[in-house]
Amino acid sequence: IKHPHLSPMLSLAKYQADKITKAPPAETNSWLTKHEYKTYTTYEASPKFDGNSANIIYKSGKLFRILQRGDGVVARDVMVHLRNKVPATISEKNDVEIRVEVLMPKDVFAKKYAADYENERNLVAGILNRDDNTADVLDDLQIAAHEYKVHNVDGTIFYKSSKDLSTEGFNSYHPLYTIMFSKDEFEEVYQL
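Heads up: the sequence shown is residues 62 to 253, going by our numbering.
Keep in mind that the hints were calculated from the coordinates and are not lab data. Hints may be right or wrong, so weigh each one.
Cut-off 27 Å, straight-line C-alpha distance, at most; resulting in silico cross-link-like pairs (DSS-like, lysine-lysine) [unchecked claim]:
| no. | residue 1 | residue 2 |
| --- | --- | --- |
| 1 | Lys123 | Lys63 |
| 2 | Lys95 | Lys154 |
| 3 | Lys172 | Lys146 |
| 4 | Lys167 | Lys63 |
| 5 | Lys167 | Lys95 |
| 6 | Lys63 | Lys154 |
| 7 | Lys210 | Lys63 |
| 8 | Lys172 | Lys63 |
| 9 | Lys154 | Lys172 |
| 10 | Lys95 | Lys172 |
| 11 | Lys146 | Lys95 |
| 12 | Lys173 | Lys95 |
| 13 | Lys63 | Lys224 |
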């Protein structure tokens with residue numbers, strides 16, 4: 062059975078920085094120009110997590126569903142696997158979507174799973190797509206939340222700060238290090 066997301070769950074518009082000391086100016090300007098919107102002029106920089114995306118839905122402050130990305134409109138509910146990894150309740154009473162990455166730490170993967178799986182991402186996908194899982198496999202998963210969307214009763218969507226995720230009980234394993242910056246500040250941020 063597939064269930065609907067509260068809003069489409071699309072891929073993030075992202076620019077992935079390589080481990081070089083200077084940002085490539087042509088690529089950078091092209092990307093920033095393409096993703097510059099009139100409604101906002103700031104960008105958010107955060108680490109890239111290589112896991113599996115999920116969408117945690119709360120209704121009236123209570124955990125309702127945890128959906129994989131699926132086709133971005135409807136998806137499989139994986140709450141049976143992840144319900145103990147996320148808060149059962151949050152303070153916000155409107156409908157909420159919290160977008161997360163489900164991760165397998167590299168050290169745990171190397172120690173326990175590398176002989177049987179090509180990489181962490183494939184392992185996580187396999188775990189989430191199983192009907193049954195042992196508790197120890199589920200204990201090895203971690204959740205990194207990166208987006209907090211509140212659906213107001215008037216139909217508007219409000220994005221809360223990623224800092225609000227920690228006050229709701231998310232990111233205890235992975236405090237989300239983010240930087241807000243303008244287009245003109247990209248070169249400086251890239252160096253961080």
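Enumerated hints in conflict with the structure, sorted upward: 2, 4, 5, 8, 9, 10, 11, 12, 13
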